[in-house]
Amino acid sequence: MKDRTKYFAYPYVVWIFLFIALPSFLVLLYSITTKESNGLTTIHFTFENFKKFFNPMYLNILWDSIYLAAVSTAICLVLGYPAAFIISNTHISRRSTLLFLCILPMWMNMLLRTYAWMTILGNNGILNNFFSFLGLPKVNMLYTRGATVMGMVYNFLPFMILPIYTALSKMDKGLLEAADDLGANKKTVFRKVILPLSMPGVISGIIMVFMPAVSTFIIPQLLGGNKNMMIGNLVEKLFILNGDWNFGSAISIVMMLIILLSMSVMNKFDIDKEGGARLW
Amino acid sequence: MKKVFLIAAVLVLILAAATGCSSEQKETLSVLNYDIYIDKDLLKEFQEANNVTIKYDTYATPEEMYIKAKAGASNYDLIISSEYMIERMISEGMVNKINFDNIPNYKYIGEDFKNHPYDPTNEYAVPYFWGTLGILYNKTTVDASSDSWEMLWDESHSKRIIMMDSQRDSFGAALKLLGYSMNTVNEKELDEAKALLLKQKPLVMAYITDGAPDIMINEEADMALVWSGEAVAAMAENENLDFVIPKEGSNIWIDAMFIPSTTKNQPLAENFIDFLCSKEATLKNIDEVWYSTVNTEALKEVDEELLNNPAFNIPQEDIAKMEMFRDPKEFIDLYTNRWTEIAAE
Amino acid sequence: MVKKYLSKIYMGIIFIFLYAPIIVLAVFSFNESKSRGNWTGFSLKWYIELFHDHDIRSAFYYTISIAVIAAIVSTILGTIAAIGINSMKGRTKALILNVNYLPVVNPDIVTGISLMILYISFNLDFGFNTMLLSHIVFNTPYVILSILPKLKQLDVHMTEAAMDLGATPMYALRKVIIPEIKPGIVTGFLMAFTLSIDDFIISYFTKGEGVTNLSIVIYSMARRGVRPTINALSTIMLFVVLLLMILINKRSNGVEKKKLKREV
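Protein chains in written order, with the numbering used here: chain A, 339 to 618; chain B, 1183 to 1527; chain C, 324 to 587.
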């Protein structure tokens, strides 16, 4: 009797074939073919597009993106872990308020959150005017790498706080009591019990911040002034400006491979794919 | 549970009805244009006068428009774009010939704007606006006496110079400074231009297209590479700003309206072109867009102030030194690769 | 004691960091001049301009309608799929789960581009339908991810018991399974809705025909510089979101209180 319910999944299986598997396959196809100069795609299989990517200029772009994303993720982790920890130790009556306060910026449109920093960091923006008022020299903040990192941290911090909080809140308080009974002091309890148990949340948070950070193109464009090309900008340019869909697809495949790699790392830390980075 | 489902169903029905309503049985015209390049009231006027619906889309770069059209991802009846891209699309058979019987107002388009290389027989496009590329600068902080593209390489203004996020325009400035053609496909010349642009990068505040006037009005930068209309708009809002077309020469461009081969309603598109070529519509457009007009009738009634503004009323001696962009065809990669190198630095 | 103060100060700093930009935006939306650094006086003119801006109104309409329709469709699709997937076993199940997870982990830009290529290959006209379709594609995995844990928690025996007592499978589904997983369904719906409202990149690559969404309009405006109309828009959004938050908070507190009452 119960067996019948598995057929419920079949329509969706068709769906994901059409809209997830097939598009990915098409991207793969583009990445291993080349474009004739008059625009026709020849079904001529080649790894030329990938070879093109292994050029110091493009590898630099990839490395720079990973670097900036890593810095932003690290900052989010340093800022977010204590926040999650504090919230998980707050009395339950106030917890939901604190959580909502963390979630609310996420509900504000991401473009608006990025735009906010455009208005604040400008040479005649509110921060610089404040510095002038205090008699301090103006600082060139907008259109720098720092601004890009700031934009990423600001946009993605809640994505770090919530998974860590979820992991911390699910922790069995009994374990903490046991450790305490066995003579451990607060620091040891943290190092040996809390930190390891919160790891799945930390890994979730890192993935949820690093992924969008490495692939964004709006933030380096609006806050970075287009001076630092990141991998997201490169892919966007290739598709929208240069029309080199083959090369763009190749880079997309590279990005997907990086993600699949991270996914397998995630699996090692036993992230529940059936509920994983739930934010509620 | 039932209540929620009911509410949801009602919502969906309302939305379906609403979306359905907006596309009644009226004729539609799909138009694609550059961002903020038309007075939106004109769209309303035309829709009401002809009882049609206009679906209006915008885009930022001609390359984007071309790529989407080439890939078959766009079905527009009318597109407004830059001459060099129209040139390419004509050569690839993507543009329909226009029936000028439907565009009596074409007679108002100045002769100066016809017979250009992108459409030598004047069969495919109707000019819309024209303009040039130059330097918008702050009179109080910048010394423009050199009258040269060199201004943009001035180290004393480090990090207060804005260049365009557009390969042809930024390369254009560098090439002109070196004395080369803006349409060159000579690799040595392009390499020199690239080197110049790389040298400039530490001095550049940001590579921005469309955003420069706002920054200049707020005096957050000292100078910017801009198109003439942007300069007119900026100068109107801040008296400290001025515009110079460097002595080495610059770019003259014409944006034109054309009918892509994907059109489903050519006569209506031609009607719309005719409407935009009317004196009244052009004057409204000029008021909104600030670019120099191709319309001889409208020019007669333009504000005195605008006519005195060299960014609007571009002097003949400057025009003589200007070059129009041509489609580099397969050589575009020479520019694109170098531009990527500069952006990635 | 000190710890308590330190904790409060720390959270205070975090919240100031999170909210200062939004508050600055809100304050300057009432600024008389366009300046982002100088306050010149109180004015509502940017709000008036916002209401007259046809682009923003139309984008707002499309954003909401696509979000609602996509959320509803993906919730229905996802619920049915989740129930089905939950009954599967072994490698097939793992494969489906992995493919389902792809839009979640893939960068938006890759998802957007792959869908754009798909639509072009099938010669679809870009417009409302393509954007809606794309939203459903990237929303449904999240719905499934919200519901599956609830399904796992479901007591298998309850459904069996229901059917032993004479219920048909459909009835068991309606009256036993769905009520139990309702929190997951609601969460999934809300997530889908939120993601649709906020989406930029995927919509950017799959839009057309005058259909655009708020994020894209804000992006075009932001590229041209600071415009207080955007500030006005963000202030309004802030209030709406705040209101929703308070409502949801009240509702979940109400549910909590009911649960407590029942247990007592």
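Be careful, since some hints might not be right.
A partial selection of chain B residues facing chain C, derived with a Cβ cut-off under 8 Å [said to hold, decoys possible]:
#1 Y1219
#2 K1252
#3 N1491
Computed spacing ranges between beta-carbons, pair by pair [unchecked claim]:
#4 T363/C with E1230/B: 30 to 40 Å
#5 K1289/B with E372/C: 31 to 41 Å
#6 K1482/B with D378/C: 25 to 35 Å
#7 R483/A with K331/C: 28 to 38 Å
Restricting the straight-line Cα-Cα distance to at most 27 Å, the calculated cross-link-like pairs of lysine-lysine (BS3-like) are [as the list claims (entries may be wrong)]:
#8 K475/C with K498/C
#9 K344/A with K473/C
#10 K525/A with K327/C
#11 K1381/B with K476/A
#12 K508/A with K327/C
#13 K1383/B with K390/A
#14 K606/A with K473/C
#15 K412/C with K344/A
#16 K511/A with K530/A
#17 K357/C with K1321/B
#18 K1289/B with K390/A
#19 K1370/B with K390/A
#20 K412/C with K1466/B
#21 K390/A with K1376/B
#22 K476/A with K1341/B
#23 K508/A with K326/C
#24 K511/A with K412/C
#25 K368/C with K530/A
#26 K357/C with K476/A
#27 K331/C with K530/A
#28 K390/A with K1252/B
#29 K505/C with K344/A
#30 K525/A with K412/C
#31 K524/A with K498/C
#32 K1446/B with K1429/B
#33 K524/A with K368/C
#34 K525/A with K326/C
#35 K326/C with K1341/B
#36 K1226/B with K368/C
#37 K373/A with K1252/B
#38 K1222/B with K357/C
#39 K1279/B with K1511/B
#40 K508/A with K368/C
To be clear, the hints were calculated from the coordinates, so they are not data collected in a lab. The C-beta atom is built at its ideal place from N, Cα and C for all residues, glycine as well.
| field | Violated hints - listed by number, lowest first | value | 1, 2, 3, 18, 20, 24, 25, 30, 31, 32, 33, 35 and 40
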